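Peer 1: Sequence:
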Amino acid sequence: MSLRRAGSMLDPPRDPIELYELINIFWLTFITDRAGSLGTGLPHAIKDAEITTVFPRPLQEFEDGTVSDATNATILSMYEEGHIAQDASKDSLHALRVKSLALLERSSRLSTVPEADRNATFWHEFGATDVALSRIAQTLPHIHSGAGINDTSSLIFVHTFVHGSTIQLHSPFLDTHPSSYERCVQSANAAMKVVYLIDNIDPKNFHMLMGLSWMCVADILKREIRRKRSVSDDDGARKTELELEALVTAMKRLRQVYPVLGLWVNSVQTAL
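The sequence shown begins at 108 in the working numbering and counts up one residue at a time.
Note that these hints are calculated values from the structure, not bench results.
Since the model is a prediction, treat every value here as computed from it, not as a measurement.
Treat the hints with care, as some may be off.
Result set (BS3-like, lysine-lysine): computed pairs, CA atoms no more than 25 Å apart in a straight line [unchecked claim]:
#1 K346 / K329
#2 K329 / K300
#3 K197 / K300
#4 K359 / K346
#5 K329 / K359
Per label pair, the in silico range of CB-to-CB distance [stated by the list, open to error]:
#6 E170 / K359: 42 to 48 Å
#7 R345 / P150: 39 to 45 Å
#8 L349 / P119: 54 to 60 Å
C-beta: ideal position from N, C-alpha, C; glycine also.
Please work from the sequences and hints to get the whole structure.
Peer 2: See below:
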């Protein structure tokens, strides 16, 4: 499926608006597939390499006829160094949701690859994913740059997924690669900035999988507390403890909507 052709299994779109709708329907299916895979641990049905559908573009571009091949990008485009798909600053909210969930699933999958299976293909995917996460994180719109609560809620989980994905990707190397540890600390700090911005937002607007990313953040905060205590940085340790407490409070709010997260919250609380 491309920008100009809806797909060989479907009749060609009758007009740009129908093309817009078909593209969005595909990506809604993709989101359901990847979220289900993350939530259940089962393999996803649609492989990245099989996807040729372009990322969602704003409706206005289809109405005005300004969509061009220059905006053609899909999943694998994110992992091409320097590709426009790594710039999130002009993406639609739907495209941001797609990208963040794709990155979360890919990072989660790579983090579970056994050491014996980390071959050249693994390291290529790891490096490409790390670069994509870094560049997308740098270009994400501010959480409050949207037009309303729905936009803000979407940007909250996009930011949270991107930072959580970075931690998950590097998690197997926390004890052996100082650069991975530093990347995770930076991402945890960025994720906590998001947590401090959501006090006045109804948790019903949050995505359940934010809990997965917050668990990754909590692990880094707990490690930082232990590290700071080991070097007698009591003030620093206390500051990080307060951050962990704030994170637990946010997770408890999320648990009100998704009770299944109760076990995660309890496991984090044991560190307090």
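Peer 1: With 42 to 48 Å as the target window, see if E170 and K359 comply at their CB atoms.
Peer 2: holds (43 Å)
Peer 1: Would you mind confirming whether the straight-line C-alpha gap from K197 to K300 stays at or under 25 Å?
Peer 2: Since the Cα atoms of K197 and K300 sit roughly 22 Å apart, the hinted pair holds (cutoff 25 Å).
Peer 1: Check the following: the C-beta atoms of L349 and P119 are separated by a distance inside 54 to 60 Å.
Peer 2: Cβ of L349 to Cβ of P119: about 58 Å, so the range 54 to 60 Å holds.
Peer 1: Between R345 and P150, does the C-beta distance stay in 39 to 45 Å?
Peer 2: holds (43 Å)
Peer 1: Sort out whether K329 lies within 25 Å of K346, counting only the CA atoms.
Peer 2: Holds, at about 12 Å.
Peer 1: Between the alpha carbons of K329 and K359, is the straight-line distance 25 Å or under?
Peer 2: The hint holds at about 18 Å.
Peer 1: Decide if the proposed pair is consistent with the structure: K329 and K300, CA atoms, cutoff 25 Å inclusive.
Peer 2: Holds, because 17 Å separates the two Cα atoms, which is no more than 25 Å.
Peer 1: Hint check: K359 vs K346, CA-CA at most 25 Å. Holds or violated?
Peer 2: holds (20 Å)
Of the hints listed earlier, there is not a single one the structure fails to meet.
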